[in-house]
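K.L.:
With chain A held as given, fit chain B onto it using these hints.
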Amino acid sequence: MSKISVSNLDFYYGKAQALHAISLEIPQNEVVAFIGPSGCGKSTFLRTLNRMNDTIPGTRVEGEVLIDGNDINEQKTDVVALRRKVGMVFQKSNPFPKSIFDNVSYGIQINQIHKGKADLQGRVEKALRNAALWDEVKDRLNTSAFGLSGGQQQRLCIARALAVEPEIVLMDEPASALDPAATQKIEELVVELKRDYTIIIVTHNMQQAARVSDRTAFFMLGKLVEYNRTDKMFTNPDEKLTEDYITGRFG
Amino acid sequence: MEHRIIDQQLDVLRDKVLLLGGATEEALHRAMRSLVERDSKLARQVLDDDKIIDQMEIGIDRMSAEILALQQPAAHDLRLVISVAKITPVLERIADHAGNIAEAALIINDGPQVKPIADLSIMADNASEMLKQALDAFMEEDTEASRKIIRQDKIIDDAYRRAFGELIGIIINDPTTTTSAAQLLFVAKHLERIGDYVKDMCELTVYLTEAAFIKHSRADF
Chain A
1 MSKISVSNLD FYYGKAQALH AISLEIPQNE VVAFIGPSGC GKSTFLRTLN
51 RMNDTIPGTR VEGEVLIDGN DINEQKTDVV ALRRKVGMVF QKSNPFPKSI
101 FDNVSYGIQI NQIHKGKADL QGRVEKALRN AALWDEVKDR LNTSAFGLSG
151 GQQQRLCIAR ALAVEPEIVL MDEPASALDP AATQKIEELV VELKRDYTII
201 IVTHNMQQAA RVSDRTAFFM LGKLVEYNRT DKMFTNPDEK LTEDYITGRF
251 G
Chain B
1 MEHRIIDQQL DVLRDKVLLL GGATEEALHR AMRSLVERDS KLARQVLDDD
51 KIIDQMEIGI DRMSAEILAL QQPAAHDLRL VISVAKITPV LERIADHAGN
101 IAEAALIIND GPQVKPIADL SIMADNASEM LKQALDAFME EDTEASRKII
151 RQDKIIDDAY RRAFGELIGI IINDPTTTTS AAQLLFVAKH LERIGDYVKD
201 MCELTVYLTE AAFIKHSRAD F
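These protein sequence lines are chains A and B, in that order. Counting in our numbering, the first sequence runs from 1 upward without gaps. Counting in our numbering, the second sequence runs from 1 upward without gaps.
Extracted from the complex, chain A is given alone in its bound form (with noise of 0.2 Å):
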């Protein structure tokens, strides 16, 4: 069984549809890439898949998402778990002012997972271990968050997103307002991170996409182009459209 199972999704920004009839199948422990032009509905979608767009006054959303079976779009969907199970990184790093070792606790502690003061250290560490962060900033947990440097802080918003032991982990261009290297090791850490979650990665970058990707979904005009295997995709698509986009001759 597919970990997400989305079939006929349309979505509604008021009376606009930004998505129309998208079907697919994401398995787990497996990292998806989302790619298309700018307003071609990615972000969108992803945000669907852990209902932040219920953020937004005057959306409405038709059609089935499941997660490990279940409607996430059912009136008795806890979103609050939701969230928790489909965590999210965002394209700007976006940590708390606080420090370090705050930013990672916080969600750990509102959420009451742990078991005492120690339970709580030890789940920290192990989320900054798994964001590839543990060892730069083990010496310096107590200090502001806003000293670490732009990759830095990108990957203490992943450390905080794992804390709460997500299954999914949806991230939106996490590395477009990064540098080569900091780049590079964010691509390593979702690599590294398909043994433990299922990533879904939004992406301007095709090499991005083509790097760290099992499957690669393109879309356009909110409707889903192509979903392939990501070797497929970037060596020979089915669709004339895809080639287009991939090989820019528009966009």
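Hints are supplied without guarantee of correctness; some may be wrong.
[Stated by the list, open to error] Only some residues are given here: those of chain B computed to face chain A with a beta carbon under 8 Å: (1) R4; (2) R79; (3) A211.
I should point out that these hints are in silico values taken from the structure, not numbers from a laboratory. Cβ atoms here follow ideal geometry from the backbone N, Cα and C, with glycine treated the same way.
P.N.:
Just chain B now, kept in the frame of chain A:
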């Protein structure tokens, strides 16, 4: 459709392959002529010109690497650069075989004339024609033609077996012809190898166009 920087570079790359292909065709044509017409001067010219072909190969290799590194091509663009990078050494090797035929001609032309071997002519004509057609098919991305050319290689292989038998017979019947006939055996082998290389080129055209690997597949390609 927007104009892309890579388009211009891919056009230049194609042109370079076309020039290398033309030089290779010419080398084969002249090598065979030097043999048939006993023209040692022409044979030496083929050997001299091989250096130019080597330089052409290096130029294409360099440009292919540059496009890969700087333009990061995908899909058909990527397959084109890969195909060019693989077809270039094939052409260079065909030119090497032409050079080897010219070397054989230099030896044969110094000895007594051996009677014409009809199958050798069949091999040479087919090898030249197949090479020309394979280059055209590559440029036009014509997979139908490529598949047809691959099948034609059998004509060369069959002619090779007959020529081999005939030349061995000549040596047995008249040992004084051994040097020349042995060289003609080498010529036959070079032509047979050229046929194989042309097949490789055609397989690359199919890869370029259809992204299908037909190399090492026996039938139904």
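K.L.:
Are the hints correct? Go through all of them and say.
P.N.:
Going through the hints against the structure:
no., hint, result
1, R4, "holds (6 Å)"
2, R79, "holds (7 Å)"
3, A211, "holds (3 Å)"
Going through the hint list in order, the structure satisfies each hint without exception.
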